[in-house]
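Could you put together the complete structure from these sequences and hints?
If you're matching them up, the sequences are chains A and B in order.
With the first letter of the first sequence counted as 1, position 60 gets the number 560 in the numbering used here; the numbers rise by one all the way through.
With the first letter of the second sequence counted as 1, position 118 gets the number 618 in the numbering used here; the numbers rise by one all the way through.
Hints were generated in silico from the structure; no laboratory data involved.
The structure displayed is predicted, hence computed values, not measured ones.
You may find that some hints are simply not true.
To be verified - Which residues of chain A face chain B? A few of them, derived with a C-beta cut under 8 Å, are:
| # | residue |
| --- | --- |
| 1 | 564 |
| 2 | 585 |
| 3 | 586 |
| 4 | 592 |
| 5 | 595 |
| 6 | 662 |
| 7 | 664 |
Said to hold, decoys possible - Calculated cross-link-like contacts (lysine to any residue; reagent style SDA-like; alpha-carbon spacing at most 20 Å):
| # | chain 1 | residue 1 | chain 2 | residue 2 |
| --- | --- | --- | --- | --- |
| 8 | B | 519 | A | 573 |
| 9 | A | 518 | B | 572 |
| 10 | B | 512 | A | 534 |
Don't be surprised by glycine CBs; every beta carbon is placed ideally from N, CA and C.
There are 2 protein chains.
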Amino acid sequence: MDDTAAALPERKRGSGVKKAYDLLRTEILDLTLPPGSPIDEVQLAERLSLSRTPIREALARLATEGLIDTLPNRSTMVSNIDFLNLHAFFDAITLMYRVTTRLAAKNWQPGDLEIIRAHQRDFATAVANHDALAMIGTNRDFHATIAEAARNPYYLSLFVRLLDDGRRLLRLYYQSFNDRPPPSVVEEHEDIIAAVTARDVETADRLAKAHADQIVRQIQKLLAWDQRQEISL
Amino acid sequence: MDDTAAALPERKRGSGVKKAYDLLRTEILDLTLPPGSPIDEVQLAERLSLSRTPIREALARLATEGLIDTLPNRSTMVSNIDFLNLHAFFDAITLMYRVTTRLAAKNWQPGDLEIIRAHQRDFATAVANHDALAMIGTNRDFHATIAEAARNPYYLSLFVRLLDDGRRLLRLYYQSFNDRPPPSVVEEHEDIIAAVTARDVETADRLAKAHADQIVRQIQKLLAWDQRQEISL
DNA sequence: CGCGAGATTTCTGTCGACAAGAAGTATACA
DNA sequence: TGTATACTTCTTGTCGACAGAAATCTCGCG
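What follows is the structure, given as structure tokens:
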């Protein structure tokens with residue numbers, strides 16, 4: 501496609517792996533690369549006009565994050581969404597919603613709330629524009645920022661992983677609403693912000709749990725519907 | 501040291517990265533490589549009679565797990581134990597103790613308990629032998645196996661990371677007891693096994709919390725003591 | 001004697017190439 | 001025609017080497 505621009509390799513030094521990593525990550529999470537897609541190192545290398553080495557390093561990172569599965573001496577492919585262990589996912593993400601929101605209410609520091617509110621504005625804008633991709637991204641950023649305000653890197657890393665794993669699910673979820681999620685989600689975010697601002701830990705916990713439960717229930721409903729369709733084939 | 505045996509490179513194909521990864525991991529966790537130690541790729545490469553490529557891949561994995569810090573275009577070193585964020589560590593590992601033990605009591609399947617009991621036997625043996633390294637390892641395996649019986653890969657991965665991060669702390673912890681941890685730890689393990697076996701979720705939760713609290717308190721006491729010494733200098 | 005600019009050294013990031021496994025293919029034999 | 005075996009091909013794991021960036025050293029100047 502853009503082979504003509506591959507002449508001058510004027511590229512910053514440490515950007516190769518990041519480039520490949522970011523590209524693959526977003527393509528996987530946005531379902532541009534569906535689960536099960538094989539990943540060819542050589543093809544990727546020439547597509548990014550890179551060597552195989554940085555691609556390899558990026559793949560290693562993605563593998564440790566569970567986004568790709570790699571068979572020894574054989575092909576590597578985008579990891580499947582594990583529909584059998586979804587209950588584990590729901591359980592974990594609900595707990596992380598609660599814990600991070602609790603701790604954020606307890607530990608936020610000056611400056612955190614501004615960033616959180618900015619992400620909430622972006623999310624509301626994305627909702628207004630019916631932009632599914634932007635919704636998913638801004639929603640993730642909103643909750644990730646709350647988790648950062650919680651000041652616990654362990655919870656943050658697991659939560660981010662869950663949110664990213666969930667991006668693929670959420671993509672399906674929002675599609676089920678024709679890119680129009682229930683307006684209550686925006687309001688729930690506002691309520692969470694209010695509780696966190698007031699340092700009301702218990703209310704923040706309760707709202708986070710309700711928020712998570714609502715999303716989980718919607719996804720479960722969607723999956724039940726999908727499953728019925730699948731059976732009817 | 502063993503340069504004489506570097507003649508024949510008869511090595512299995514996919515074993516290079518694993519070899520380097522396992523070696524570095526254990527040396528970091530056992531404090532053979534103290535926090536802050538610089539890691540030289542070339543030196544490691546010739547020490548394992550490998551190329552730099554597999555070492556690099558192993559380092560990338562360790563970096564994503566937070567065991568090493570890598571400055572761009574500069575040296576990579578063993579990550580420091582973050583004594584400032586210890587409360588975050590205690591909070592997270594306590595929660596993971598509770599959650600995994602709860603879920604194990606709920607979700608264990610035939611065969612799980614045998615493995616758990618085997619690890620507990622190994623742990624008791626290590627305690628009897630005053631073998632600190634073995635204690636730390638078997639204790640980790642014991643709780644990790646419980647987490648596996650909980651059947652939630654998300655909790656498992658975070659818990660394993662916490663246990664491994666904590667291995668370096670626990671190393672200090674057990675040294676403070678002259679490699680002789682309080683006998684109650686063995687009994688607490690037994691109680692946890694009993695509660696899990698009986699599928700008594702609430703009791704398992706309570707025991708796990710008590711177990712975690714006890715360890716956290718001991719480490720905090722140790723750290724307070726260390727800190728006082730540091731001040732007196 | 002202190003300090004800053006240039007040179008050197010050292011280490012990392014990237015590259016192209018080679019070899020080992022595994023999948024797919026063709027062929028020979030029953 | 002079906003099956004087992006040898007071959008081909010394709011992909012991955014590893015290697016040695018080169019080039020860029022940062023730290024260190026050196027030298028000249030104030």
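Legend entry - Numbers of unmet hints, in rising order: Numbers 3, 7, 10 - these are the hints that the structure violates, sorted from lowest upward.
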